[in-house]
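There are 6 protein chains.
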Amino acid sequence: MPYTAKTMEYLKRTSPAQTEFYQAAEEVLLSLAPLLDKDPRYKKHNIIERIVEPERQILFRVTWIDDKGEVQVNKGFRIEFNSCLGPYKGGLRFHPSVNAGIIKFLGFEQIFKNSLTGLPIGGGKGGSDFDPKGKSDGEIMRFCQSFMTELYRHIGPTIDVPAGDIGVGGREIGYLFGQYKRLTGRYEGVLTGKGLNWGGSLVRTEATGYGAVYFAQNMLEARGETLEGKVCTVSGSGNVAIYTIEKLYELGAKPVTVSDSRGMVYDKHGINLETLKEIKEVQKTSLEAYIKEHPNAEYTPVSE
Amino acid sequence: MPYTAKTMEYLKRTSPAQTEFYQAAEEVLLSLAPLLDKDPRYKKHNIIERIVEPERQILFRVTWIDDKGEVQVNKGFRIEFNSCLGPYKGGLRFHPSVNAGIIKFLGFEQIFKNSLTGLPIGGGKGGSDFDPKGKSDGEIMRFCQSFMTELYRHIGPTIDVPAGDIGVGGREIGYLFGQYKRLTGRYEGVLTGKGLNWGGSLVRTEATGYGAVYFAQNMLEARGETLEGKVCTVSGSGNVAIYTIEKLYELGAKPVTVSDSRGMVYDKHGINLETLKEIKEVQKTSLEAYIKEHPNAEYTPVSE
Amino acid sequence: MPYTAKTMEYLKRTSPAQTEFYQAAEEVLLSLAPLLDKDPRYKKHNIIERIVEPERQILFRVTWIDDKGEVQVNKGFRIEFNSCLGPYKGGLRFHPSVNAGIIKFLGFEQIFKNSLTGLPIGGGKGGSDFDPKGKSDGEIMRFCQSFMTELYRHIGPTIDVPAGDIGVGGREIGYLFGQYKRLTGRYEGVLTGKGLNWGGSLVRTEATGYGAVYFAQNMLEARGETLEGKVCTVSGSGNVAIYTIEKLYELGAKPVTVSDSRGMVYDKHGINLETLKEIKEVQKTSLEAYIKEHPNAEYTPVSE
Amino acid sequence: MPYTAKTMEYLKRTSPAQTEFYQAAEEVLLSLAPLLDKDPRYKKHNIIERIVEPERQILFRVTWIDDKGEVQVNKGFRIEFNSCLGPYKGGLRFHPSVNAGIIKFLGFEQIFKNSLTGLPIGGGKGGSDFDPKGKSDGEIMRFCQSFMTELYRHIGPTIDVPAGDIGVGGREIGYLFGQYKRLTGRYEGVLTGKGLNWGGSLVRTEATGYGAVYFAQNMLEARGETLEGKVCTVSGSGNVAIYTIEKLYELGAKPVTVSDSRGMVYDKHGINLETLKEIKEVQKTSLEAYIKEHPNAEYTPVSE
Amino acid sequence: MPYTAKTMEYLKRTSPAQTEFYQAAEEVLLSLAPLLDKDPRYKKHNIIERIVEPERQILFRVTWIDDKGEVQVNKGFRIEFNSCLGPYKGGLRFHPSVNAGIIKFLGFEQIFKNSLTGLPIGGGKGGSDFDPKGKSDGEIMRFCQSFMTELYRHIGPTIDVPAGDIGVGGREIGYLFGQYKRLTGRYEGVLTGKGLNWGGSLVRTEATGYGAVYFAQNMLEARGETLEGKVCTVSGSGNVAIYTIEKLYELGAKPVTVSDSRGMVYDKHGINLETLKEIKEVQKTSLEAYIKEHPNAEYTPVSE
Amino acid sequence: MPYTAKTMEYLKRTSPAQTEFYQAAEEVLLSLAPLLDKDPRYKKHNIIERIVEPERQILFRVTWIDDKGEVQVNKGFRIEFNSCLGPYKGGLRFHPSVNAGIIKFLGFEQIFKNSLTGLPIGGGKGGSDFDPKGKSDGEIMRFCQSFMTELYRHIGPTIDVPAGDIGVGGREIGYLFGQYKRLTGRYEGVLTGKGLNWGGSLVRTEATGYGAVYFAQNMLEARGETLEGKVCTVSGSGNVAIYTIEKLYELGAKPVTVSDSRGMVYDKHGINLETLKEIKEVQKTSLEAYIKEHPNAEYTPVSE
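Protein chains in written order, with our numbering: chain A, 1 to 304; chain B, 1 to 304; chain C, 1 to 304; chain D, 1 to 304; chain E, 1 to 304; chain F, 1 to 304.
Heads up, a few of these hints could be off.
Said to hold, decoys possible - Pairwise CB distance ranges, derived in the manner of DEER restraints:
#	chain 1	residue 1	chain 2	residue 2	range
1	B	Asp67	E	Asp37	28 to 36 Å
2	B	Ala17	C	Gly138	35 to 43 Å
3	E	Pro40	B	Ala289	23 to 31 Å
4	B	Gly199	C	Asp39	54 to 62 Å
5	E	Pro16	B	Gly199	51 to 59 Å
These are computed hints drawn from the structure, not numbers from a lab. C-beta atoms are modelled at their ideal positions from N, C-alpha and C, and glycine is treated no differently.
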C-alpha cells in the first residue's frame, strides 16, 4: 500500500534510529488501511502525516547527586503526542532502555488505547534512562525531584497528566507529586497513581488485571461461553498478572502459570495466589521461591 | 584520551544518528583536553557530561496550509543547550537539511561562540526542515505563524532569544515577531534581526563582515602589519562577503575574489562592490553576471 | 416613573445609537418597577445604574485571509455584562447585523435568563459582524482562529464561558476550541456546544426544544390540564422547532405548523417529523419541499 | 519525655511570645508520645520538627479608611501550616485578640482536625486584629477589600481555601469574595461560607451543630444507648448551639440550657427553639429576653 | 476619491455616533491620498481598512464611592489602537466630554504622533467621563483606584503604557500607579508622568512647550531665518504655553500674548514670565490678574 | 513626645519580643520628631503608623538534608518593608542570631539607607537562622536551593531584589541564583552580588569601602580640608575595611589600624595593604599573622 509506505519512508528518514516506533506506526497504519482507503478525507486532510508526528517532544537533562556526592546526568523525556481528544495522558517509565524511539512508540500507542476508553483523554508518554535498581530511597528522591523540576512547567490537570509505568510506582509518584506541589503550591490532579492516604484512587492497583479478565469474559460471552472452569495461562507476575489471577479465581477459572524475567512457573493445581503475593509484593524476590512452597509445581528457568 | 572517548561513546549510544553533533563535541573535547587534564575539578563535577547534554530540547509538529489549501507537516526544533552564562541565544534555521543532530551541533558550538563575546548570553539553536525556496510570501507567513504558535511559550527576553540564520531573514523575523506580539500582547526583545523601521538595530547586516575584517586587522597588528595594500581573497557573496569587501576597501586592502554556489569570480583589479551589490542584493542572480560588466574578470563555474 | 426615565435618558446620552439595548433595558426596568418602588435599597445602592452598565466590553479587530488571499477585516465583540452570580456566560453570534447595541441588548437579557436557572452563572454575549454565509470551510476556520487569537486571553472556565448562537454551531465551536487549546495548551471547559465525540454533552441539541415543551407542560399542569390531545402551532424549523415537535408528539400533542424564512407549512394531520428532519437536517433546503411529500398540507409563502 | 521537651524548648526560643501555640504543640506532642516512641521513623525523618513549623507564614499590613476619612492600620495574617494532605484550609478570624501566636495555635490544630475528615485538605488559619464591633458596613467592606487586596495572591482553589471564623460571617465572606473576583476575574472556589444565593452550600450553617449531635449519637451507640429521652446541657447560643438544639430535639433529646457572654438560661421544660432563634438570629440581643417569654426558665447573669 | 469615501462610509455605518473620529479619519486619509494612489500595496493589503479599526477597545464600568457614601458609576475606556511600531502609548483623559468617539479620535491621531518620534511606540488612548472638578482628594483617589483595578490587567511596560492628559496630572498618576503597584507588586514603567521624587523624568513638564519652539526654530532655519527678535503670539496659559514662552525668550524672541478660558492678554513689552507662573502655577487664578501687575498690558475678556 | 511614645507602645504590644526593632524604630522616630512636629500632614495621614509596619513579612520553613542524610529544619525570612520608592531591596543574612525582630530592624533601616541613594529602591531584608559555619559546600548548596524554592515566588526584578549580607557571599548568591534560574527559566536581575564572570558588576566588592572614604572626603571638603596627610584609624578587616584603606592611600591619607574578632593591629607606618589582603583574602586567617611580617607593628588581642 503506497500511501502507508510513503509515510513509513518519511518517518525513517526524518526520525532516524527509532525502530520500535517504526514498527508501531506501521502496524497501526496497516490495520487502518481499509478505513484509509474507503474514506478519502483522511488523505485529503493529511490525517496520517499529522498523527504519526508528536505535537510536542520535550527532552531534558536531569542532573542529580548520588549518595557518594557525585553529580549524575540522565536524559528525561515527555512526548506529548496527541491532544485531539483531551489532555495528554500516559505513564512515566524509568528504565535504562528508555530512549526517544521507545517513548515515541509507547506514546503513539497511548493515543489509541486512551481513545478506546471513550473519555476525553489524549495520548503521551515520558520517562528517563535512569535505572532505579540498586538506588537508595534518597537517590530515587533526588532524581525524582530533579526530574520534576523540569517537568512541572509542561504538565497540568487540563494539559498533561502523567501516570506511573515501569520503575515508577507509588513511591516515585509520591516524590514527583511532592516536588510539583512544592514548586507550584498547587495540590491538584496532575499525576495519577497517588497513594491511597494522600488523594489516590481505590482499586487502581487491581484495575489493569481485573480489566484484562473482564475483557476476556466479554469475548467469551460473545461466543456464548464463560470463564467458569477454564484453565488459563498468565504471563508475568507483577500487578497486572497478580490481579488477573485474583479475578480469574473469582470468576471460576484456573490460572496455572506465572513468569518473571528469570523463569516460569507451571502449577497444574492452579497458581497459589497467597504465595505469589508473598513472593512478589512482600519479599520482592524470584519466582524460584514458589517451588519451595509448592513442590509439585514446575519451574523452568529462562536459560533452558 | 580515555575520558573524552568515554564521553563520545556515551553520546553515540544515547543520541543515535547525530553525526554532525558527535564531530563538534569531539573537536571541542579534544581541544579542551589540556585544560581538562590539568584541572581535576572538571572531572570531579562532571562538567563535560553536563555540557554535552542540552538542558532542554523541544521538538514540535508544525502544520500549515499551502497555497493549494493542503495541510503540510514539518518538524520544528528549539534546542536550549546551556544557560550558565545567560538566556539561551542562537539562530533559527529553515532548511530541508535541518534535523535534531544538526541543531544540536550548532547549539553546542553556540555556547562557546557566545561566551567569547564576554556578554551574559547562553547558547541555543532552532529551526525547521521547512524549505522556504519556491514558497510564496503567504506560505512563508503561514508557516512562520504556525511555528511561533508553538515557540512563543518557550522564549522570552530573559529566557531564550532566537535570531535568524539560513532561511530566516528580515521577512521571516517579521512574521515570527508579529505572531509573538499578537499572541502575547508584548512588544519586547524576544528576537533579534528585526527590521530597522520597527525596532531593529543599525549596522546589523554589516556586523559579521566588518567583524571578520576587524579580526584580521587585529591579527596583523599583533605582527606589526596592517591591511593597507594587502590583496585578499574572499569566499561567498552574501551579507558576510559583501561587507567584508566593503570594510577591506575602507582599510586600504584589495579583495579580488567572490563566489556563490555556481562559480567563482577573480577580478585582479579588485571586486567592484557596486556591481556585486547590484547582482546579489537587487537582482539576486548568479555571479556569472559579473563578467558582463567587467569583462576582464575571470569566472570559473563550479563544474570545472 | 421618573427613576427609570432618568436611567434611560442617561443610557441614550452615554451609549448613543444602541436602539435595541434601550428597548431591552426599558422593558426590564418597567417590569421591575413595582419591586424597585417597594424596596428602597435598590435605589440607595444604585443597583439599576450598575446593572445597565456592562462590567467590561471588549471590541476587537479580526483580520483574516479569504480564499483569494485578500485580507479581510471584521469587528469582534465580547460584552462581559454581569458576574454577580457566576462567570460570564452567553453565546457568540456571527452575523452581519451584529453591532455593539445588539450584543449589549442580548448580554443584558442573558443576565436574567441565566439567573433563572438557579445555577451560579453570570451574563455575557459576544460575536462578530462576520457573515458565515457563502464562506468556505477554510475561510470559516481562518476567521474563527483569528477571532479566538484575541478572545482567548479574556475567557476561562471560571471567568467567561461562551457558547454558540446564530452562525456559531458545532463546526465553529470546533475551530474556536481547537485554537484555544492550541494557544493555551489547556483542554478545558471554556466553551459549550462542543461535538459529542470530543467532549460535548448529550442531548444538548434537543435541550431548548424539549425545555420549551416542559415549560408549557408545567404551565398547563398549574391549571389542571395536560398536553395530551392538544393541537399546537410551532414557529421556526431549526433545532428548537424540530425538538419541540418531537417532544410534543411524545407527550400526546399534535403540532400542526412549522415555518422558515420563506414560508409556513400547515399540516392538519400533524407535521411529519421524519420529513421535517430530512428537509432541514439533511437536505438543508426550503420547507416548500414538505408539500411534495405531503400534498394535503398547505404551504404559504412569505410574500402572500 | 526528652524528645518532646527538646522540641518545646526550641519552639520557645525561636518563636518567642507565642504562649497559646506552645500549649497546643505540647498537648499534641504529649498525646502522640506513645506513637512517636513506638515507630522510630518519626524521629529519623524529623517529622515532629517539621510539623510544628508552619510551611509559610504571611503577615501583612492592612490599611483602610474609616468613616471619618482617616487611615487606619491593622495586621493581617495567613499561616499556611501544612499541605501534606491537601490545600491549606482554615478560617479567617477578625478580632482584637488576634496575633501570630493565636493564629499559629489555631492553624496547628487545624492540621489534625482537617485530617480527621478523611478528605484531602491541609491545615491553615488567618485573620486580623481588626475589631468588627461598632464598625459600619462601609468600614467592614473597606477593611475586607484591603485585606483581600493582599491575600488574593496567596490563595486559590487548589492552594489555600480560607473560611469564616469569629468576626467573619456571610457578610465578610461576601466582601472578601467580591474583591477576589474583581481582582482576578475568576469566580471560583477560593473561600467557603458563601451566601446561598451566590454559590454557597446548603446546610452549612447547621453543619457544626448537627455534626456535634451526630458525634454524640455515635458515642452513645457504641455503648448501646441512644439520645432518645436524654436531658442535655448546651453551652453557647450561636449557630453551633442553635442547631445542636434543633437536632437534639429531632432525635428525641431534651436540651435545657443555653448561654451567651452575659449569662445562662436553664429551662427545665427544654429550651424553646423558636424563641431562641428569634432572640439570637433576628433581634440579635441578650438571652435575658428569654425569661420574658418563658417566665418559668431561670436566668443566671455572668456576674453572679 | 472613492477609496477613502468607501472607507468613510463603512466607518460611519459600523461605528455610529462618533463624529470626531470620522473627521480625524477623513483628514488623515485625504492627506495620505497621494501616497495611497501611488503605491498599490496599501490597497492590496487593505492597510487603510486595518489602520482605521482599533486593534482592541476595552470599555469598562467604574464604580466608586463619593464622600457622601453613595455609589457612583462612570465609564472607563482604553482604546489600544495600533501596536505595529511598539507598545500602545497615549494619555488618559478624565473629563465629562469623554466618550468612545472622542477616545478613538485621539487614539487614532496618537498612532501618527508617536510614529514621528522615531521611537518604537504604538498608539492608544483612554480615560473616563468622570469629572475631577469639585471632587475631593479622597474621591479622586477612590475613583483612580477603581479605574486601575480594571485597567491593570490590560497594561504593562511592553504592552500598553498610559500617560496623563486633561484631568490626569501628577496627583492622578500617583493614585493610579500606587494602585497598580499594590495589585501587581511590580514597581515598573507602566505609566509615564510620575512625580520627580518617585521615579519620574526630569524636564517632562517643559517638554511639549520647548518642543513646539524647537519645531518652529527648525522651520525657520529651513528658510534661513531664526527666532531672534521675532514677535510671537502664544495661545493658552498652561504647561505648554508657559514653557513655550520660556524657550522663546531663551532664543531671543518676544512672546506677546497668552490666553485662558475667560480671556486673552496682550503685552506689547513681552509677557512677563514670572507673573504668568505666579498666576497660573501658584495662585491658579484668571489671567485678569495679569493686568494688575502690568497695567500697560491689555486684557480682552472672552465675551467681547 | 507622646506621639512617638504611643507608637512605640503599640509596637511593643503587637510585635512582642523584637527588642532590636523597637530600638531602631525609636531612634528613627526621635530623630524625625522635629519634622513630625512641624508638618501636621505626617500625623493626619498616619504616616508613622504606616512606616513602622512592614508591608509584607514572609516566614517560611526551610528543610534540607545534611551530609549525614538527615533532614534539618531552619526558619527563612523575607521582610518586604516598604515599596514607596521602588522594589524592595536589602540583603539576605544567614546566621544563627537571625530572627523576626532582627530582620525587621534591618529592613526598617534599609528603607532610609536606600532612600538616600536617590534611586527608586524600597527597603527589605531577609535571611535565615541557618549557620553556614562548618557546613560543607554541598550542605550550603542544598540549603540555598531549598531556601530559594520558597523565595522565588516572592521576588523579581521589579518586585524585590535581595542581595548578600553576613553569611551570604558570592558562593551563596551563586547557589541562590542558579536555583532561581532553574525554577523560573529566567536569567534576570533578581539578586545582586553575582560573580563577575556570570553577570556581576565591576567594583562591587570595593564599593562600600570606597564610598565610606568618599563620604569622609566630602565631609572634610565642607570644612575646607582634605584627606591628604591625615592619619586614620580603621576598624574591621573585611571587604569594607580593606578597600577603605586602599582608597585612603590613594587620596594621600595614612590608615594605621585594622581589627578582627580576635584582636587589633596598630602599625604607625601605615597598614601594609598587600600583607592585609594576603592574610584576609587568601589565607583567611587571624590578624596576628600581620606581626610576623611587620614586627614593628603592635598587636593587641581582644582579651586584654
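Going through the hints against the structure:
1. B/Asp67 <-> E/Asp37: 28 to 36 Å: Once the Cβ atoms are compared, 29 Å apart, the range 28 to 36 Å for E/Asp37 and B/Asp67 holds.
2. B/Ala17 <-> C/Gly138: 35 to 43 Å: Holds - the Cβ-Cβ distance for B/Ala17 and C/Gly138, about 38 Å, lies within 35 to 43 Å.
3. E/Pro40 <-> B/Ala289: 23 to 31 Å: holds, 29 Å
4. B/Gly199 <-> C/Asp39: 54 to 62 Å: Since the Cβ atoms of B/Gly199 and C/Asp39 sit about 58 Å apart, the hinted range of 54 to 62 Å holds.
5. E/Pro16 <-> B/Gly199: 51 to 59 Å: Given about 36 Å between the Cβ atoms, the range is violated.
Of the numbered hints given earlier, the model fails hint 5 alone.
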